[in-house]
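Colleague: Listed below are the residues making up each chain.
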Amino acid sequence: MLRNDEGLFSIDFLVGFTIFMVALIAVASMVPGLLAGLQSSGIDYDAVAYRTGVILAEDPGWPVDPPWEAYDVNHSGEIERTGLAVSKDAPNILLSTKIEKFFDTSFFDPEDYRSKAIFGDITYSYNITLRSLDGRYNHAVGQETPEGYGYIRRVVKIKEPSVAVINGSFKDRYTISPDDNSTTRTFIVRFDFNRLINLSIDPAYRIDPRTEPVNITITDFEKFLNGTASEATLKSVTFRRGSSSIPFPYDEDDTDYYTLRIDNNPVLYPPEPGVGVSSNISLVLKPAATSLFELGPTSILDVEFNFEDKPPDTNITGIHYYDYNPTNVTRPDLKPAVLEVAIW
Amino acid sequence: MVNDSGQLYTMEGIAAGLVMLLTAYLILSTTSIYTPGDTHIPDMQLEQLGSDVLAMMDTPDSDGGENHLVNLINRSDRDGFNSTFLKYCNARTNGDPDTIHMSASVAYRDGDRIEEHQLVKPDETWTGRESAVRVTRWVQLDQQSTRGDPYGSRAQAVLVEVLLWRA
Amino acid sequence: MACMNEDGQWIVLMGLLVAVGLFFLALIINQSALVGQTTVEGVLEFPKNDIRDLREVIFDYVDKYGNTGGSAANNVRDDIIAISLDRKNAVVDFTVKDPVDISGQRAYPVEIHYNNGVTVYDETIYHY
Chain A
1 MLRNDEGLFS IDFLVGFTIF MVALIAVASM VPGLLAGLQS SGIDYDAVAY
51 RTGVILAEDP GWPVDPPWEA YDVNHSGEIE RTGLAVSKDA PNILLSTKIE
101 KFFDTSFFDP EDYRSKAIFG DITYSYNITL RSLDGRYNHA VGQETPEGYG
151 YIRRVVKIKE PSVAVINGSF KDRYTISPDD NSTTRTFIVR FDFNRLINLS
201 IDPAYRIDPR TEPVNITITD FEKFLNGTAS EATLKSVTFR RGSSSIPFPY
251 DEDDTDYYTL RIDNNPVLYP PEPGVGVSSN ISLVLKPAAT SLFELGPTSI
301 LDVEFNFEDK PPDTNITGIH YYDYNPTNVT RPDLKPAVLE VAIW
Chain B
1001 MVNDSGQLYT MEGIAAGLVM LLTAYLILST TSIYTPGDTH IPDMQLEQLG
1051 SDVLAMMDTP DSDGGENHLV NLINRSDRDG FNSTFLKYCN ARTNGDPDTI
1101 HMSASVAYRD GDRIEEHQLV KPDETWTGRE SAVRVTRWVQ LDQQSTRGDP
1151 YGSRAQAVLV EVLLWRA
Chain C
2001 MACMNEDGQW IVLMGLLVAV GLFFLALIIN QSALVGQTTV EGVLEFPKND
2051 IRDLREVIFD YVDKYGNTGG SAANNVRDDI IAISLDRKNA VVDFTVKDPV
2101 DISGQRAYPV EIHYNNGVTV YDETIYHY
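Protein chains in written order, with this note's numbering: chain A, 1 to 344; chain B, 1001 to 1167; chain C, 2001 to 2128.
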């Protein structure tokens, strides 16, 4: 029989063929998705490095109040972002306590850096370095950089906490008057938050004890001693908010909350040291403790140094205001620094 | 009268054609995925760096202290501006300093016209280099009778424009 | 050999054309998976540093002149608006209102408007 090989289609063949073609096109259009996924991990290293640079240089981190660097090992899971900036209104100004905490590899492990600073689904390798131009800060974390990597460099300035130095030049102001017969000697350093939390001062220069440590250093103590006494006994350091006293249940091991040093001794003292002071006292009060004092923008925090000797061995008295007066408080200059982030 | 006995040949031909086309497509598409945007990454890095440097020059180190950027513009100190800017720009955390060059100009308003005053001229690496990036910063100048050309003595806001390139 | 039957060539040729057309379309769909604005272009396009800088110069203006106006203040304001338009290709406007007292500190309400053709930024903020 003569086969007729004309290429004519029948209708039901067309229908079947159409369904087949539609299915084939749908499958073919999914193929690029398979191939694109394999090649995208190398493209966004620079973008991830840029994002990490922004988080470190322009973001104060989260939580902000109390600040994340005040959290101890038990609560490190609550830290969501480790930003180094002083506040979100002062980009590129970093706080030195945040820097010290961020580069503390005994507190953060590589998984923490990935989840709190770098983010992303892929396990990136990283190298984050910070160096101040005068060399005082020189920190690095992460592995050695390979040949090709994503990179960003930021120029920043580092803010260090303020210090109130009460030295011999204050002798006349803080000495008890000769006709005063009282036997207790109390020296108060007053934090008046009405003066301190002044929003017209840029956050790069502002003193906020709730977010950064404050340092009270009394030197030349021999000038404040009474007559022939060689030392005066520091009975206790107490804290008051307005008229009510604040409980301070920490001891010398709680270095995250405060440190108290007396007379250049390397040991740390509890808040009730009961030891003699002959040359200097240095108290650093950290935000981990201050944030628990429930202080607001109108509070007044008094730090009292109570000396008790019978008869009194020191003549120190008075109230020293921790404010923006440069003779009362020294605010260190901002230090320029370079921050580099490498991601691969 | 339609006879569908030739359908098998046609189907076979079309299936073979599709297989060949699909193979050709797979081969071509795996090699031709290109990634637009790689060209702009160095621009972004340079721009962020330049903006940072100008911002840090504009920040006094202490409350009420000297603002380097304002002073340099007031005095039209081209060498000071050049050296300060490059000092911040080329600093690295380890290894050799970077090799970024710059030129700067200041835009100011004179009546109805906007004029441009060249502060730092580009150096000899102006040609044969990577693409340059422009970063800007506003500077407020106070009323100062001793300040002469070109800004004049009145209090005004000027725009500092810096071109950076890597050479 | 009998003469070749050339019937149906048109249909097969059309089929080939359709197949080539499908091939071309599939390639376009493949490339479209990567088309779109890349991250870096998005970063470059958003004027983060320009807006921050503009806010700081406006706050400097408020620190110096408040809302009192006067010829010096108007000169500076005209500087900012004219230079922004000419050099930064951005339409900028700002107004400073009378100061208000917020929990003991005096603040000026400032309204800032910025438009560079791609990004529009409007803000009302109290500057202390």
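Possibly wrong hints are sitting among the right ones.
With a Cα cut of at most 25 angstroms, we get these calculated BS3-like pairs of lysine-lysine [unchecked claim]:
no., chain 1, residue 1, chain 2, residue 2
1, A, 310, C, 2064
2, A, 116, C, 2064
3, A, 223, A, 235
4, A, 310, A, 235
5, A, 335, B, 1087
6, C, 2064, A, 88
Simulated from the structure, these hints should not be mistaken for laboratory data.
Colleague: Now tell me if each hint is right for this structure.
Modeller: Cross-check of the supplied hints:
no. : hint             : in the structure
1   : 310(A) x 2064(C) : 57 angstroms, violated
2   : 116(A) x 2064(C) : 41 angstroms, violated
3   : 223(A) x 235(A)  : 19 angstroms, holds
4   : 310(A) x 235(A)  : 12 angstroms, holds
5   : 335(A) x 1087(B) : 14 angstroms, holds
6   : 2064(C) x 88(A)  : 24 angstroms, holds
The earlier numbered hints that this structure contradicts are 1 and 2.
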